[in-house]
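S.K.: What follows is the residue order along each chain.
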Amino acid sequence: MTTFPGHRFALALFAVVIALWLVVMMAIMRNAALPPDATGPMLVVFEPGTTSQSAFAAITQAGGRPIRETTFGFIWVVDGIAGNFEAQGALGAYRELPISPTIAGCVAVADAKIAAAFGL
Amino acid sequence: MMAAATVSHRELPWYFAPLVVLTTGCVVAMVNFGIRSTFGHFTLPISEANLWPREIYSLALALQNLMWGVATPVAGMLADKYGPARVLMAGAVLYFIGMLIMASTGVPLLFHLGAGVIIGVGVALSSFGIVMAALGRIVPPEKRSWAFGIATASGSLGQYIFNPIAAAMISAYGWHTSLLVLAACTLLIIPFAVPLLVSNSTSAKTTAGETELTMRAAIAKAFGHRSYVLLTAGFFVCGFQIAFVTVHLPPYLAEHGISKEMAGFAMAAIGLFNVIGSYAAGIVGGRGGKRLPLSLIYVLRSVLVAGFILLPITPLTTMIFTSTLGLLWLSTVPLTMGLVTVMFGTRFMATLYGFVFLSHQIGSFLGVWLGGKLYDIYGTYDPVWWMGVALGLFAALVHLPIVEKRADAFAAA
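Residue numbers (numbering that gives the first Met the number 0), protein chains in the order written: chain L, 0 to 119; chain D, 0 to 412.
Hints were generated in silico from the structure; no laboratory data involved. All residues carry an ideal CB built from backbone N, CA and C; glycine is no exception. There's no promise every hint is true.
[What the hints assert, rightly or not] Distance ranges between label pairs, derived from CB positions: (1) D/Thr313 with L/Ile17: 28 to 36 Å; (2) D/Arg215 with L/Thr70: 16 to 24 Å; (3) D/Gly378 with L/Arg7: 48 to 56 Å.
Construct the entire structure; sequences and hints are all you get.
M.R.: Next up, the structure:
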């Protein structure tokens, strides 16, 4: 006699898949991070909680041109030099991705935090 | 909590254990459905790299969808004859070859052959319909609808997770490398299909009460069965509505001043809630009848669409619309597959579901095509939205007379 799994199995399966997905996304985002001398349109991610006004100020102080703000004020699509944004407190600068900048920015934040925590 | 179901079987290797079979079946569904949903991200980079007009890539994807629909009944016949696992493996190989051609050729005709015909057939052979056929033979009848639900939900989840991965990979590594990586991922289907070979084993092949008809006779008898014809007609509507929304909702939202990012969120909400809806539909189908929930889904779709287009389009109404629509999105699949199984048993389920799915794909084609055609004529999507509402009500009605019992010709000999 064999027992067939039920809802707990479904929940566990989907949770594992989502966890793996986050790991893969973070790894890819790490590779999408731009070197300091990169220029052009890019996604700049600040510390979560940074206000829209503070992020805007940091972008302009870095000599960048804000292109558009995302749903969260700490993630912006900008034009400028990647290293300058990081010097102004950005967690990272990434190639503009053909997916929602908000989602990409959130994954980038998670990646930056994990990298900082484990010294990667 | 769902009561644990049990089934007797002879000693089988660990990889034929129900937990393993279900897990791997779900992974196959995720990979199959997920990867094909990423092809939209490659439209621009491939067209630009080859200096092609957008039409060449679009034609390849249109061909792919057409071949997917046409090849599904054939895939079903092969699955019913040689076992679903072998068909899934063959599909993975074709999927892989098609994607290799897609990544490497600059010749339009070859591109249409690879990205259109070969991938289309590969997708059909390795689709979650074939996975469901395998699971349907393995799980006991009281768990069957749940298994169809989780397989469908897995396909939906695949769509949700592979899209951002593909987009991010294109940014990080370029389109060519990304396409090759995704092509390699299709080969994952092969090892993950191995546990589904259990559905070919003698303990699972033919259960008591299955028909002794030949395949040809079974197809003929099914098309002579009124409930099957009604089910097939209803599934046409599902394809029409889903394909129309997938392709034409983003431009419709843009016309109504919804930002591109909000539109992206709205489409993602469909995917996310679809996982929940598909799973829940499997549970509902397992607890009672399937035709009334199906009928209700189509009524709700019609009410939802009518409300959406009659009310002012705002970010809030858009999110409510897409989230609710997500719950109703592929929730028709486990119930439809469940009805096929109730009426005809598991022996020819892949074949007979294949024909129902062909009707779905014809509906999809018309939904996409008419959406564009009537927009060009009237300058608005409203006629097609209302057509979708009317078709939804039609589908709700045609499901009502379906008789949820084994068709006479398919009853035990």
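S.K.: Taking the Cβ atom of D/Gly378 and the Cβ atom of L/Arg7, is their distance within the range 48 to 56 Å?
M.R.: Once the Cβ atoms are compared, 52 Å apart, the range 48 to 56 Å for L/Arg7 and D/Gly378 holds.
S.K.: Using the beta carbons of D/Thr313 and L/Ile17, state whether their distance is inside 28 to 36 Å or not.
M.R.: Since D/Thr313 and L/Ile17 have Cβ atoms about 30 Å apart, the given range 28 to 36 Å holds.
S.K.: Please test the hint of 16 to 24 Å on the beta carbon pair from D/Arg215 and L/Thr70.
M.R.: This hint is violated: roughly 56 Å between Cβ atoms.
Taken one by one, the earlier hints fail for this structure only at number 2.
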